[in-house]
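Asks: Listed below, chain by chain, are the residues.
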Amino acid sequence: MAAIPERVHLTMQVNGEAAPVSSAPYKTLLEVLREDLGLTGTKHGCELGECGACTVLVDGQPVLSCLALALECGGRAIETIEGVQRGPDLHPLQAAFADCGGSQCGYCTPGVIMTAKALLARNPAPTRDQIREATAGNLCRCTGYQQITEAIESAATMLRGERP
Amino acid sequence: MLRLPWFEYRAPSTLAEAVKILAGEGPQAMLVAGGTDLLPNMKRRHQSPKVLVSLKGIAELRKLNGGYGAGLTLAEVVAHAATPSALRQAAAQVATAQIRNMGTLGGNLCLDTRCTYYNQTEEWRKAIDYCLKKDGSVCWVATASKRCVAVSSTDTAPALITLDAKVKLVGPAGEREIPVEALYQNDGIDYLSRKPDEVLSAVVIPSGWRSTYWKLRRRGSFDFPLLGVAAALKMDGDVVTDARIALGAVASRPFRVDKAGHFLKGKRLTDEVIAEAATLVANRAKPMDNTDMDLYWRKEVADDFAGYALKELRGDDMRAVRIRTARYLPG
Amino acid sequence: MNETKKRLDVIGMPRRRVDARSKVTGQLRFADDLALPRMLHAKLLRSPHPHAIVEAVDAEKARQHPSVKLVLTGQDFPVPFGIMPVSVDEYPLARERVRYVGDPVAAVIAVDEQAAVEALALIEVRYQVLRPVSGPQDGLEHPEPRIHDYGEQGNIHRNQAYEFGDVDEALRNADFVAEDLFFYEGNTHLPMEQQASLAFLDQDGKLQISSSTQNPHYLHRQLARVLQVPESRIRVIATPNGGGFGGKCDPGGHEFVVCKAALVLGRPVKIGLTREEVFYVHRGRHPVLLKMKTGVTKEGKLTGMHLQTLLDGGGYGSHGPASTFYTGVLTPVTYHYPRFKFEACRVFTNKPACGPKRGHGTPQPRFGQEVQLDKIAERLGMDPLELRLKNLTKAGDLTASWLRVGSTGLEDCLRKVGEMSSWKAQHGKLEKGRGVGLACSTYMSGAGVAIYWNKMPHSGVQVLLDRSGTVVVYCGATEIGQGSDDVLAAIVAETLGVDTGSVRVVSGDTGITPVDLGSYSSRVTIMAGNAAVQAAERLRASLAAAVCETLGTLPDRVVFSQGKVFAADNAGAGMSFVEAVTMAEAQLGTLSAVGSYSPPKPPGRYKGAGVGPSPAYSFSACVVEAEVDERTGWIHVPKIWIAHDIGRALNPVLARGQVIGGVYMGLSEAMMEEQSFRRLPEKLSGALVHRAPSMLDYKSLTALDMPEVEVALIEDPDPNCPYGAKEVGQGPLLPVMPALANAIFDAVGVRVDEIPVTPDKVLRALEAKAAGKAARVGPESYPSVPYPEPIFVLPPWEGGDGNESRKGGEKRAAAAMV
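So the protein sequences, as listed, match chains A, B and C. Mind the numbering: the first sequence is residues 1 to 164 in this note's numbering, read in order. Mind the numbering: the second sequence is residues 1 to 331 in this note's numbering, read in order. Mind the numbering: the third sequence is residues 1 to 818 in this note's numbering, read in order.
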């Protein structure tokens, strides 16, 4: 039987850039992002898939980084909250969360914004119910969700306005 | 941070290779597809496989012709236009959107049975001196029971049972096809008839059923079923010509309620017929105190949920009830 | 306030909070986001027994693990801690006794977390198991073995009684007495962020800890005590909390462990608790059994209340002494009770310690009070809203218990919420299965007394200003998501006439910020806010004095607004704020000012009068709509309306967010949150375990379960508060639970006198009703509790002076004289 390697080497595409990583093989994407790449914007609230705080996009889909094996992410396109900003400017979703009260303590915010970003990519004009459905996998203890829903609605409007 | 234990990772690219690894490594190897069930379990040390055999790289498992590849994600199953209602509704109500983007159809079918005395960390389980399902000798749900009564919590299985679907299992001796119902055994520990060296590769679903799935759970997302009622009918005008009803989350396996199916055959779906069929269904529900909410209440509402399912198949507008109870509208 | 400035530029304007950008970009560093070179990782070994004597800890094998740097046990911590001076009963690691499953016993510090976990398994602990106490009744029935060797008697931690006027007489003279039993199950804060701490020795060899704590000041004091390190050699930085809700108020064992390890090893040591551990740290809502007797006249006037409470305290004191008081003291603030008697008892049990959760001790009696009022209205055939209006306290009133009600907007709240929800058209008039319920509440804008007795200010602020025009505000208050940094920035910006973009807030750092007691008790806006007003006004006065001659006006005629400084009668001329600062710096030298705040002395003078007084109370009124399926008992809440008397909303976006967030948490605990425990069959096992220490099994509402909330902010500035702003962080949670229970009664005519209100309970009540029995589910009996002889105090209107009136004879005589 082969011995378990101390470290594995892989290269992911993180926020559009190649990110070579050498990490312990048991690490999840969450651990590699936070501990090996220093991308601590991705949070964690349970590490068991029960809260949504660690949501990132893998090939455009929102997934739970706490339940994704890092060694299965080689070659995949990973997008985290750190990649959302547009140069020095906030992405419309970020701006809307900031302006509408969508972020209170801010701990669930990165995960919700990633979920919302994927929603708006496939549905630029979601209804409130569709927004609630899409974000129902992200627990928030501060906002009561209403201002999150309003922020996503507002960002959708902004984004549609920006389209040529 | 809860972390996975050490493991050796293998990523075969064909089914044959996967089967070979399983055969070679024996019980110390485990299959992983989406990982949404196994990885939390590993983090809480329910399972500590020496070898993790990933199915992600096997293209055959992601096929969608003649059957549903077991490696399709639940989100893909929901998105597929030809997916029958019951399966779509069941898959769409699993956990959360993120988990449906990761978890697979095969994974949901092979979901480990659950119990509030089992789905806890190693430290917690130590504090109750463990339980029958893992490392202990007593079933704390039913202390006189010799059998583990952990509850089957798959949403898709009852749906597929009503649809008369079959699963394909690939092992060293080749492929075999069995009814979905036959995949399960009423034992919380040994709950699958899949052999350790077999891979569940695909699900074959016949067409022609009008079907639905109703799920009882506390919240609009995250939660495993406390009761799953799947129903499928074939109709000639307003007369039922064939009926299949299955229950989930009320035993260690999902199962079909033959009595209710037979009763419905040849009948019109009047309120009285629905009520009687619903009672027959509910009589088979034997929930235990091993998941969320009061078990007597769960037993009491089983007929209501069976009624909802049949009324919906009759053509009643059940959207308001859906929204109130499941916070979900079939798309 | 500067009389010449009428218009507000910043206060009251909807505005992006000052820390929003860092939150939406993921730049904000929470405690677990911190890392330092050569950092080590700690993990705690926790007790598997609810109650046991620790006979021996053998950590030799763990110490020999190649990746392990240090193992700590109870022997390394001889000094106990406790947030309240009257209950210093806890050790960072258990020394002789463990008191709940999860009580920390040993700690491993290793090169990585994985190795630390492995090494924990190598530690052998020998326990002598003791009988666990599973609940307060069990604790009353089994005084031995005692969980602690201090307390009132047996397993009773706190036991107290107060009587304000002769309540028996008040009940006798009533037309009827409503008597009810209620039970409120415990629940927990469930902040999204799991506690984490990083400790190290700084370049001067001083101990520094960054930690997710709401109260860095109290932690600082406890660290000095436990570690025997001078306070001047410790610096506590409260990292922004990913939600607190009261759960990060107590010092935690893990915080002492990483500090001790950093002191021993000289390396940075970090710990991050798992979600399960957060459930064990707990300090959440006490389960409370209540007995409530209220006298009522035919006209619907309340004559008096006799309230008894029994609290399940868990294994340690924590904030328990205060919590015990809070299950009574705020009850008479919303409505006028001519007489009031209150008895409370907190029992130690072998479960994680309860403590302060949003609303601290008051949601439980408020639930009983507001449901009972609904029943009284029903009995009188009176509209519940009218009944409440009839009994409201008035601004400036004293309660029977000598609390001063300052400003109150409760009447406006009631009228507003009635209007928004079309109360008159809906209550009692909707079709079967649908109903609306009403409830009110109040909460303190900061506790009038500090947790440890002292005469110093409760909050201090320093404002620093220089020629760049940058304003830096230093304050010990902690940003836990509630927006305290934004409050400070807004107040200082408004006072100095700049925008919040020119203000930088440095908060929650005991090494560089003036003392603020912490982010608890809804105290930051009013206390830190008032200190900030004072500091900024002092600075403004300096600036005005420096520039008035140039502006050709008197100092008190200088206006600061929108980055400009000008004479009140010559707004067209003037100078920029930066020019004014430059001029002042040239004349006066470096510019800085401090401000501080101490709450007014409370009117009550009896022993115990310190709990309950506040400089200002907020008020709320809430209507919940509920749909109930009569066949299943299933509950659906489509809409909630709430009006909250906030005094003034400093930033309406945040204020509204706090209100909706409070309503959310209230509804979540009303419907499903339970910190409950399993006692396995005694013959087979001694286990007493948390039923569901996970995010999946501890149920909280998701986006799909949360109804729309319509909010009205009632604004009538309170003179005791900065720019008139009262609290909003806790009050709006409180009326939701009783409003839901009342809505269910309106919908299907059954009472669930118990929280949470779940479908199975509703169905049981419906079945009881159908069987002709009492249409109610709730506690059936109240145990015999050995409450002490009450401290008797005459109400203000019966000739009292706020002191205890010692003799029973004197009490009767004095009462008779009135």
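Keep in mind that the hints were calculated from the coordinates and are not lab data. All C-beta atoms in this analysis are idealised placements derived from N, C-alpha and C, irrespective of residue type, glycine included. Where hints are given, some of them may not hold.
[What the hints assert, rightly or not] Some, not all, of what chain B presents toward chain C, calculated at C-beta under 7 Å:
| no. | residue |
| --- | --- |
| 1 | L2 |
| 2 | T121 |
| 3 | N186 |
| 4 | D304 |
Asks: For every hint, state whether the structure bears it out.
Replies: So, going through the hints one by one against the coordinates:
A least Cβ separation of about 5 Å between B/L2 and chain C falls short of the 7 Å threshold, and the interface hint therefore holds. A cut of 7 Å between beta carbons decides the hint on B/T121: the least distance to chain C is about 5 Å, and the hint holds. With a cut of 7 Å, the hint placing B/N186 at the interface with chain C is violated, because the nearest CB-to-CB distance is about 24 Å. The beta carbon of B/D304 comes within 5 Å of a beta carbon in chain C, closer than 7 Å, and the hint placing it at the interface holds.
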